[in-house]
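Going down the list, the sequences are from chains A and B. To convert, take the position in the first sequence, counting from 1, and add 207; that gives our numbering. To convert, take the position in the second sequence, counting from 1, and add 27; that gives our numbering.
Treat the hints with care, as some may be off.
[Unchecked claim] Ranges between beta-carbon positions, derived for each pair:
1. A:Asp277 with B:Glu147: 43 to 49 Å
2. B:Pro85 with A:Ala276: 31 to 37 Å
3. B:Glu41 with A:Ala242: 32 to 38 Å
4. A:Glu262 with B:Ala33: 38 to 44 Å
5. B:Glu147 with A:Gly244: 23 to 29 Å
6. A:Asp277 with B:Ile71: 41 to 47 Å
7. B:Cys167 with A:Arg249: 32 to 38 Å
[Said to hold, decoys possible] Derived list of chain B stretches under chain A, where covered just means 3 residues or more per stretch with a C-beta under 8 Å from a C-beta of chain A:
8. 40 to 52
9. 64 to 71
Read the hints as simulated data drawn from the structure, not as lab findings. For glycine and all other residues, C-beta sits at the position ideal for the given N, C-alpha and C.
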Amino acid sequence: MAVTEKVKEEKGKKLSVSIAYNGLNDSFDYNEKQATGALRARALNHYDIRGQAREENFLFGPDNQTELADDRPIGEQVTPGSQLYLRPRAAGGGSK
Amino acid sequence: MTVLAAGVLETAFEHFRRCGGARDECVVYLTGPVDRGSLVDGVIHPAHTAGPAGYDVPSSTLADLWAELAQEGRSVRVQVHTHPGTAYHSARDDALALVHTPGFLSLVIPDFATGPVGLENAFLAERDEDGSWVAVEPACHLRVER
């Protein structure tokens, strides 16, 4: 295979990451120039997270500690095949 | 109807009494296999901070929990915590819930769980289709196996 053909093939390859939410862990295709917020929105839709909670669940990187910025391209923040996590920053409750 | 396997409620109350010590609130997460949506057969007592009127689960604990659930193919189906007196769903309970999908249940146990093990005087809220919490009757949504 000519080098140019191989490059074309790799460019056309679908990029994907896994996003886990509450024990479910599904694969999502992405375009590396797409804003990360768009991927987060797709994950929120996929996992049926509605209402105000859409503003309270965030994408975390493979270390599950680093929060991914919505306004930056996905390709700058993750590598293909990464395991990501959709979760709140904290949880809690109480009588007051 | 969510089915709590035998021993689940007893284990939850043990955590509440040992950790909360009748002076602080406490929380556990009830889990089940992702492919058996109605079954709860596990209890997770997450690392948290608490006082007489509230509890907090930090990001690092949620990170470990989310990774563990994904690895084991299990989901949290019910969050359960104690109140010092009457059981109800406070604004804080509404705002800081762990899971935000329709059908998720949040159970509140009164009196720091110092009463009999069971659902007497407990308060159950369900996440609805609009993302709000609605009060539901525990006996209609939870079946406790003995």
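> Are Glu147 (chain B) and Gly244 (chain A) spaced within 23 to 29 Å by their CB atoms?
Replying inline: violated (46 Å)
When I compare C-beta atoms, does the segment 40 to 52 of chain B have three or more residues closer than 8 Å to chain A? Coverage by chain A is violated here, the residue count being 1 at a Cβ distance below 8 Å.
Taking 8 Å as the Cβ threshold, is the statement that the segment 64 to 71 of chain B is covered by chain A upheld or broken by the three-residue rule? n = 0 at 8 Å, threshold three: violated.
Is it true that Glu262 (chain A) and Ala33 (chain B) lie within 38 to 44 Å of each other by Cβ? holds (39 Å)
Q: Evaluate the given range 31 to 37 Å for the C-beta pair formed by Pro85 (chain B) and Ala276 (chain A).
A: For Pro85 (chain B) and Ala276 (chain A) the Cβ distance comes to about 21 Å; the hint is violated.
Original post:
For the pair Asp277 (chain A) and Glu147 (chain B), does the Cβ-Cβ distance stay inside 43 to 49 Å?
Top reply: Holds, at about 45 Å.
Kindly confirm whether 41 to 47 Å is satisfied by the beta carbon distance between Asp277 (chain A) and Ile71 (chain B).
29 Å Cβ-Cβ, so the 41 to 47 Å window is violated.
- Verdict for Glu41 (chain B), Ala242 (chain A) (Cβ pair) under range 32 to 38 Å: violated (47 Å)
- prompt: Can the suggested window of 32 to 38 Å be confirmed for the beta-carbon pair Cys167 (chain B) and Arg249 (chain A)?
  reply: holds (34 Å)
The structure shown violates the earlier hints numbered 2, 3, 5, 6, 8 and 9.
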